Amino acid sequence: MSASFSPIFDNASPQAAAISNLFEVVLVICGVILLIVTGMVGISLIRFRHRPGSAEPPSYFGNRKLEIIWTIGPILIVIWLFALTARGMRQSDPPANRQPDLIVIGHQWWWEARYPQTGVVTANEIHIPAGRKWLVRLESTDVIHDFWVPALARKIQVIPGQTNHIWLEASLPGTYDGTCAEYCGAGHTWMRFSVIAESPAAFDAWLGGQEKPPAIPATDPAQAGLKIFQTMTCINCHSLRGVSMATNAAPDLTHLASRIILGAGVLSNTETNLFRWLKNPQEFKPGCFMPDLKLTDAQAGTLTSYLETLQ
Amino acid sequence: MSEAASTLIALETPAASAPRGLFSWVATVDHKRIGILYLLTTLVFFVLGGIEALLMRIQLARPNNTFLSPDAFDQMFTMHGTTMIFLVVMPVLIGLANYLVPLMIGARDMAFPRLNALSFWLLPCGGFLLHFSLLAGGAPAVGWFSYAPLSETSYATTSGVDYWTLALLILGVGSVAASINLIATILTLRAPGLTIRRLPLFVWMIFINSFLVILALPALNAAIVMLFIDRHLGTHFFAPANGGSAVLWQHFFWAFGHPEVYIMALPAFGIISEVIPVFARRPIFGYEFVAASTVAIALLSFGVWAHHMFAVGLGHPMDLFFAATSMMIAVPTGIKVFAWSATMWGGAIRLTTAMLFAVAFLIQFTIGGLSGITFAVVPIDWQVTGTYYLVAHFHYVLFGGTFFAVFAGLYYWFPKITGRMLSERLGKLNFWTALIGFNTAFFVQHFLGLMGMARRTYTYPNLPGWGLLNMISTIGAFLLGVSVLVLLWNIIASLRHGKPAGDNPWQAWTLEWATTSPPPVQNFDRVPPIRSRRPLWDLAHSENPDPIVGGAASQDGFILEKNRVGIVSFLITEGVFFLMLILAYLYYNNHAMNGPTPTSMLDPRRTGIYTLCLLASSLTIWLAERKLRAGKSSAFRWLLALTILLGTVFIFGQSREYLRIFHSGVMVNSNLFATTFFTLTGFHGLHVFVGLIALLILMWLAFAGDFKLGRIEAVKSIGLYWHFVDAVWLVVFSVIYLRLLI
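Note that the protein sequences, when read in sequence, are chains E and A. For the first sequence, our numbering assigns the number 317 to the last residue and increments by one with no breaks. For the second sequence, our numbering assigns the number 816 to the last residue and increments by one with no breaks.
Isolated chain A (complex conformation):
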């Protein structure tokens, strides 16, 4: 490509050399190294989760088997599900995105490299915490969705569930931070010419997916915070014995849980949308439809959660609503499947291992999607939910779908990441064992479900056919295990002896292939001109370039300031967290109950005065920011001090309110009013407190004279956070107090 180099666009910052040694990996903020760390960590957990699965399959190989006790089996399926979802699928996709997104958009790194390192290190922390439960009285044994009240202390007596909640919180924070980073990276660091409409589809899907993460994860975080409070402070969110609702947990959990399904699928769609075109030698068929259908899936995914709850008895109108929305998701998903198939049609298909996995993905994901449609047909769900038919369905989506896509991506990008090709010979062996093993293990499970076998049973009676089909499934699972060993062997062998890859072994078209393999620390010195979705095709086929996408403009309106993007994304995710707390308050306080009530406990007028203080502090910080911009640093300092004072007065007022309630003998576990009131206002108070600390640091910097105009972004970000905290209070005040005045 040297002859084309003269047309390349030079990037701004100079190159740095790669640090060496083990510690350099621990201390790294390089997105590529962090990406590799993600991949390696998830590989470890993948093997662990796989071993858990195989142990279950041994136990289920024969009827009335006694290899595992029920308690051990229950821990296994809980850990297997939790591990695969939170420690493997999500982080492996985030890891791939981490490695690839900056390269694919021609950036030098992620928008916030240190935040990126933090996001990664939270993953081993969360994984460690989850597995530590094994040493602390036993792993959680409540299933990965931890239905209340089984997960409450009365029924889950060991600390397993506590480790589970803490681990998920930590992992959730890590995923949200990584997604905020990805959003900011994609919105602010694209190379010149790479407009939103020219983004590779993988980047598109990661972009949409990141929004799903920041909107869905806080719902889970809020729910598990409530569960944790239930378990440790004796409150009653999900404890029916004291008026709590077992069904509310299901609503909250699946409000996260269904978007989560797409969080685990969209990046896989992205991988497939890169791999299939390259190996069919055709551009993706209908880029706009594929991109737009992703947005449609993301939006719809928030309106379908109760299809996990058709067996709850929510009533036909509710069931029908969620049946309709769930079926609608089939449309954008179908668009993708047809687009991938049509891309292959008329191409010149090269059946590399990557492509084989992609093709198998296409068929297996379609099977999983179609069995998914049967679940949207409510009466069918009433029969097959909670059975092995369901287990088969979601393994077709998550293993036959997502994992096969990840394998395709691994074979596709491994040369870029390591500079060496994976062995195609071992790759084919890896593929065929995976294909046969997977389908043997899981296809028969459809039949087991139809025969009446419920999931999560540690054994089963010796009914006709059950033993045989289970044995077949177990054999398939072990073949799948062999396949993973082949993959590991391939990775190790290829790292040492693999064929050197060169910059672009697949003649691919996106920017990551425009740099060396592996890329240098700074990724690129130059990027090619970008006029279409396939800049490297244009470079290699100057006689026949792709049509220019979206006019000649090299920039669209979507280059934003990264701190602003970061803080706004953060506040969106915080907003969802508070929304859940507010919904819980409304849910439990809309009917009469015994014990303390808002009317008997709260004084809306006095709290109203403190509310005015908090609102006034929004005004003062806004003025402070203006003064700073105008260069009036003294006024800035004093307005900042006034903001802190007003915030402190608010906290003081809240403390007085709390003390008054405590003195009347009411505690957080007194009844559901107390539970929801203290949780909601407590979390808000915590946010005010954190805001005050941030403001104090700002003020300290300002009075130390260490404040330059260049830091205005920091002030703006903290200002936005402070406005957000005030806005949340305004809603909380209306929900809790204003209702009392009306």
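With the rest of the complex left out, here is chain E:
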């Protein structure tokens, strides 16, 4: 498999590797069976064609021995596959045996990530230290979602009223795409996220930055933007440390400017995109719960200036 082709095969964790190794074995088994069937059919089509004028072929009603063989053969293959399955499950999905390192909460249509040790909260972007096996607890506040980072781990449903756990690990630093894999409503397409694995030192630096409260805006436009943030309906849904203590109905914006994507994957997080997003989120992510606030260009501009200070 080429490097960029499939994150399932071009994976980056022992858990995902266990699955792809198993997948390769099973694909070979299936390929051989397909060859046998195609071969039988193909040869029949070439050798046993009707010739005009030829008599009816002799009737042949079956061969008990052969039938038993093609019953027993598959049974043995199935037993083999079952053993492989049991082993693959243990390797790719070890039992959860401790407190979670990370809590991920699925929302329509974004992901909330909470670091229980530090209280850091972020959205749609999960930082982990490379080479460490992290236990993730998954919850949902509304409907069923599915947390899937194909290069790193199995997928698992995120179910309201039930907590699930998976192990998340990246052997090497890198950015790995994740997505919601269970249809969850109009915004399902843009419920993507990134897992960013960094060297432990870089990760600690990132976590330290996230722990700090956001800087007080210094420039005039940024201060005006903060005012807009406080007076418009933004604070009803978005929490922002030191400014807004809203519930988690929408992504925490404390360090918004440090993130790489907007709207759970619909835009990259540049100043221009942020401005366009604020002008009308519905244009980019139809159906999402952030309304078109009919901001003027000036309002959106100052709000962008403020949000850009949230490094």
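Hints are supplied without guarantee of correctness; some may be wrong.
Simulated DEER-style distance windows between Cβ atoms [said to hold, decoys possible]:
1. E/Ile81 - A/Gly739: 53 to 63 Å
2. E/Phe67 - A/Asp577: 23 to 33 Å
3. E/Asp210 - A/Leu537: 23 to 33 Å
Quick partial rundown of chain A residues pointing at chain E, CB under 8 Å, derived from the structure [claimed, not checked]:
4. Ala320
5. Val321
6. Ile437
It should be emphasised that the hints constitute simulated quantities derived from the structure, not laboratory data. Just so you know, these numbers come straight off a predicted model, no measurement behind them. Don't be surprised by glycine CBs; every beta carbon is placed ideally from N, CA and C.
Once you've looked at the hints, dock chain A against the given chain E.
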């Protein structure tokens, strides 16, 4: 065949002439016309579902496309799935069975012709209701499996889901009625000599399939009834916010949903098991293994549902159990694939269009089956479920498999149905465009899934390769669309100018080819003697007939009374419905909860007395039936009246219980106890009520003196129903009330 006519066996009833005109089609109870109506209706829905698919493919042709809004796209995939499964695949197979089964078993019609008409007319009703949602605020947009809580009112705010539930209920009732009819037809109307072991494999598979339908559909019906109650009475079956379970919906849905996969496959296996032997000029290889493997698939199909739920996090032991059962299904399925391949080996294959479709079925179904095995290997499922790899897999099974089989069947039986051959030239064009279009559209989707593309996304980011593969898939889908146009053109052109077919254009061997094309209203005046599985082969090759199957006996023990078969099948399906309600009650009442509880609300002793009344009424109706048989009509009448009285007392007792609970301020939406209690006992009460109406009609007939001994079957059937209602109550009483006494 006139020289052989002297050996034919005359059937009993005389012939009738065919009525004419459009109204005669609306009013028809002729299984052949009903079969044709099924085929035409499903053709319309097939085109509709296909257009929905093409709209989605246009939207997905390029990354970040804006042809469809997410909401429109979500409605499209929900409607496409629902339409194809419930309005196309199931009814087209039932329609084929409707047309063919009576002909293949040498019968004049189905066991219950009027019920048959009802089953059909429920199909356009359900289809209309589903599509009416488009005018009533939007089609459902929750996916064809309608996962809760997304399908609850908090998240699905338009009435789309309501139309969806009602349409599926109606269609479900229609499918169950059709299947009961097919079971009764096959069990009671076979021609002399056609023992169970001599049945054509298509009939065998339809027979087994009908049991799958009557056992699986009620699970869906129960689940959607609960969803409907949730949405309209504010109850909490599947609403986690109030203690309901999102996972229970998945269990209930897939308990139906996986057997449903085989409901859509077994009849296709049946078609292939007819087509391949005829065009390979060989009897099916290993008839017994093929038939028995069908039974094995049917049984196993009820134990595999949770392989749709490996991503739920049910725990490894549960996942392993369902992995094992799912893998086991590969064995009987493999037996079939090998048997079909071996039938071709050593034959004299004629590559007609029908055979081409059958051969393509064989390969494509094998691909779909093998990718299915990868889903049974749990860790692989954890990666690829919910992606385009899954979409590719089930389209290989359902389109590359079932639809190709249906096309094969269409080219095979069209001459019988219409009296004209389909054009082979257009047929070949139809086949090659379908083959290339289908594989182009769907093979690449395997790769899209492996690349990480989730299903049911209205668009996708511009990642390397995604746009290209999606474009290829879209081009393939449109080629497939062209193929369907060729098919339509072929049907229309051949109906007008097709070559006359004659009775048996393919030199086939089963009974439907022993009559004219199209068959007369009464199907047959005579049927050939049946000693083997290929009566027409025996007729044409008297020098070399097939060995006699199962001794010379012309009848086996499997000719039953049709009303009895009908009512027993009906009660089986009802039993499953109640089983689901009872399971829901047990599931939610096995732990403490806030609000009313069984202990605080219910009085087992008083209800016990009313229970005795209901049980006594079983005794009285049994006695009534005996009196009627003994010719004592007066005693019969009074025992019937006593039965009704006892049933009424029970209903009265239940009403008092309900009123008492209502007065304490508890309603169906108070908590999960109230929800499950009222739903379960309410549906039981409804059944008692319906039984009382049936008994009242019986009594009215009896007192009007209009009751002859000949109607004993009606009394027996209603009696059986009444016993069933009592038996269900006995279980319900034990589950709800007796537990309180212990």
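Hints and how they fare:
The beta-carbon spacing between E/Ile81 and A/Gly739, approximately 59 Å, falls within the hinted interval of 53 to 63 Å. Checking the proposed 23 to 33 Å range against E/Phe67 and A/Asp577 shows it holds: the Cβ atoms sit about 26 Å from each other. Between E/Asp210 and A/Leu537 the CB atoms are about 31 Å apart, so this pair conforms to the stated range of 23 to 33 Å. Taking 8 Å as the C-beta contact cut-off toward chain E, the hint placing A/Ala320 at the interface holds, the least distance being around 5 Å.
Annotation: A/Val321 was flagged as interfacial toward chain E, and the flag holds, the nearest CB pair being 7 Å apart, inside 8 Å. At a threshold of 8 Å, the smallest CB-CB gap from A/Ile437 to chain E is about 6 Å, leaving the interface hint in force.
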